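Given these sequences and hints, build the entire structure.
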Amino acid sequence: MGLVVVLVLGLSCLLLLSLWKQSSGKGKLPPGPTPLPILGNILQLDIKDISKSLSNLSKVYGPVYTVYLGLEPAVVLHGYEVMKEALIAAGEEFSGRGHFPMAERVNKGHGIIFSNGKIWKETRRFSLMTLRNLGVGKRSIEEHIQEEARCLVEELRRTNASPCDPTFLLSCAPCNVICSIIFRNRFDYTDPNFLTFLGKFNENFRILNSLWIQACNNFPALIDYLPGSHNKVFKNFAYVKSYILEKVKEHQASLDVNDPRDFIDCFLIKMEQEKHNHQMVFTLENLIATAVDLFRAGTETTSTTLRYGLLLLLKHPDVTAKVQKEIDSVIERHRSPCMQDRIHMPYTDAVVHEIQRYIDLVPISVPHAVTRDIKFRNYLIPKGTTVLTSLTSVLRDDQEFPNPEVFDPGHFLDESGNFKKSDCFMPFSTDKIQKEMDHVIGRHQSSFLQDRTHMPYMDAVVHEIQRYMTWLPPTCPMQ
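Per mature numbering (1 follows the signal peptide of the UniProt record, and there is no 0): the sequence shown = residues -25 to -1, 1 to 454.
Derived from the structure by calculation, the hints contain no laboratory data.
No false leads were mixed into what you were given.
Each pair of labels, with its calculated beta carbon distance range: (1) Val381 <-> Tyr36: 26 to 32 Å; (2) Asn31 <-> Asp234: 55 to 61 Å; (3) Ile22 <-> Ala296: 37 to 43 Å.
Every value quoted in this text rests on a predicted model; they were computed, and no experiment measured them.
Positions of the beta carbon are idealized from the N, C-alpha and C atoms, including for glycine.
Here it is, written out as structure tokens:
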């Protein structure tokens, strides 16, 4: 009987706390559906298709509204105009990172993706500069990509045109390019250590997208008190971090401060330069977390995009034929593609963009958080509030992309067949890249490699664009 009383009292306290938090938060948040105690609006969202749920709510509450994920409110931005107003015009105020209990347990506030404040700013600035110095966006990294593309094509040829699942190979290739930047060397696709490392990453990616992990992020107490797949995530990340630590130790033993070889060397040199700085941003823990983030950002998203790209080319042979014709005309068959070919291949460029738009790989961007109390569209959003951006609402905007549910490279071509830019092209985040390009080279000019010295954000992600163009040249026979 006593246990029942304790449980009833405990549940009552939780309900009262939930109601108090939902009604007493400072600020004037945008309207939204009425939340339930403790659960918030979770039961009103289809977790398997959350972008559709957010779209339906926007029809009722407008482009800015509030949902409760458990006890915590989150402001949802739906549509291009409101995202532009928030994340570009008020970019500094919306530049914080949302609350991720699982990531916080793993990264402990380090790295780039899930960090905030000074650590985020300093680490991001250093990483952008270092990636640029190591050749990202330049000819040197393009050579690494072309080498990896040749290895990938050779592995595919070994299948002798028999049916195969390319998932594994399409994961190895982008991971190896990241390895060449961080470790300075690539790995054979049969290397057991490389395969284990990649396997841990891929397994974590699958687990982190599960309903259980979403529940853990919304109700952090589950992490400490219940068994589940979150413990496998922690175990896998422990292996990944220990693997990177071993590589760091190897680099420390052979480091030449006058001749840095890769990202790890550059970070170690920066650590030595900053060792008397009490802020302690450049630490061994931050180096490992940053390396993990670079792998996280550059491996799974790229390999998944490539898989979808191959599927769409198989489903649309007419598109494949046009791409093949353009490649035969511009590149022919005696050399590998390079980034400079892009400006002469508008149709292929449009296909690459349409693949990313159509698959809508990241329906909701990594959540932001406001860095201070901010007045936005007559609402007062308190500091620390999570902000969700529905990228689906932009990529499937029927005003910008007629018949958005149809795969059509014409969405990125003008009437003359030239490549047409779109402000609504946001496959991973807002159009910071486009904004930077417009500022440096003008709206109607073409970009060249030398322009990127003035475009740090573009420089940091251009290797992904190059990979989309060069991993599997359509000149490779498809049987």
